[in-house]
Amino acid sequence: MFLVVVAVAIVRARDLFAAAMLFAIYSLLSAALFVVLDAGDVALTEAAVGAGISTILMLAVLALARRYEHPDHGHNRGHKGVALAVVIVTGAVLVYATLDMPEFGSPDNPAQVHVGPYYTEQSYPDMGVPNMVAAVLASYRSIDTLGEGFVILTAGLAVFALLSIKPTRRRRKHPGEDNDDEEQRP
Amino acid sequence: MAALGFFNYWVVIILMMIGFYCVIARGNMVKKIMGLNLFQTSVFILFISAGKIIGGSTPILREGVDVYSNPLPHVLILTAIVVGVATTAVGLALAVRINEAYGSIEDDHLSDEEPPKRGRAKK
Amino acid sequence: MRDNGILRIVARFLIPLIMLFGLYIQFHGEYSPGGGFQAGVVFAAGWILFVLIYGLDAALKVIPERAMFILMLLGVLLYCAVGVANVILGGHFLDFYTLLPSPHAAQQFGIITVEFGIGVTVATVVMLIFTMFARRKSEWDEAPYEAEEDD
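So the protein lines, in turn, are chains A, B and C.
So in our numbering, spot 89 of the first sequence is number 262, and the numbers just go up one at a time.
So in our numbering, spot 96 of the second sequence is number 314, and the numbers just go up one at a time.
So in our numbering, spot 44 of the third sequence is number 152, and the numbers just go up one at a time.
These are calculated hints, taken from the structure and not from any lab test.
Check before you lean on any hint, since a few could be wrong.
[Said to hold, decoys possible] Below, computed lysine-lysine pairings styled on DSS-like, alpha-carbon distance capped at 25 Å:
hint, chain 1, residue 1, chain 2, residue 2
1, B, K250, C, K245
2, C, K245, C, K169
3, C, K245, A, K339
4, A, K339, C, K169
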């Protein structure tokens, strides 16, 4: 329930610094929820990534951009009404869809019946590794992990490609702030 | 009592809709990226809660524990979390560049301005 | 933040602990929650703390940017190399059973190596991304103004 409160607070916060801090709280709360739901590896990853890396990167961007979100103009009100309607309709459809879904935590979930028991029972005889999640991740589903390594590599290269050119400023007669342009590095 | 069985799904749907609203109804780009992250995290909660067995425990083999939760969703979500942080990083890098080129990261400022003149230094 | 005594002392205590913890998570990934991703992120977080306290230049002397590039690529290459080695030794891609005689030991060796590759890649990519972001600010402040164009 705290998650919902924090999420609403993030949306409404005008000071982006406060929103970043609330975002860190949200990540930490969801990591705690993962622990309650018996997912140790996932909780560790979410706590490290969400509360650590994502928050730090957002703070870094806030150091470069403006800190406060712009208040709504008049012509934006109509947009927000439509957005709210879309969100409510989608939410209602999804709630209708969940009425057919299996109950929380029952052992004869469809998710539990097919491959799950095989992994749970066979991973130690196959591999001798107690941590089933690591065994599945690195050995049964190894190609997915390779693909993920490539995704991370590509993200690093993309950020490097975007941010390696030095910026230059340019005076502009437009009202408001400086805006800028880049030039090639010599 | 059937409603309690669905409670976790409804909480996830509420979180998802809040994130969705944040993505489409806020103009500030950093806020949009935060909304995207909210959305992603709520989907993770959905998957993990679908994989839980009541009375089970963390899927690491130990003494004295018989029932384990399903390890398969955990694996998928681990990959998804890392892909999510990769997406967030690239999105924030784009936001930084847009800020430099146009001077702001708000939607309505951006649609009003013409593209900046590219100045190539004569070499 | 270098001059703040409390921060410096606490950081001097915490940063080696964080890095050690990251290595612990990496190599105990088979017995406790952990593995490559978590370890990489925790290790990078320790380095980011170092940057926050001691400044970007000092941190880049410890792990220079070229080293980050090379390690980033080597991690994924290690993963692919293990996979290809399996093919060369006669099995499927990423099979692991062909590496060592006993099946359990082969799987464990394969898993440790693969997770190490992933851990190195994740750590260096996160460090690189943070360096890129952190350097933008000082580059921006020093950015020269372009010559005026006649509008």
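Going down the list of hints, with the structure as the test:
Proposed proximity of K250 of chain B and K245 of chain C is supported: the alpha carbons are some 22 Å apart, at most 25 Å. For the proposed pair K245 of chain C and K169 of chain C, the alpha carbon gap of about 19 Å is at most 25 Å, so the pair holds. Between the alpha carbons of K245 of chain C and K339 of chain A the distance comes to roughly 10 Å, so the proposed pair stays at or under 25 Å and holds. Of the pairs offered as hints, the one joining K339 of chain A and K169 of chain C holds, with about 21 Å between alpha carbons and a cut-off of 25 Å not exceeded.
Every hint, counting from the list given before, is met by this structure.
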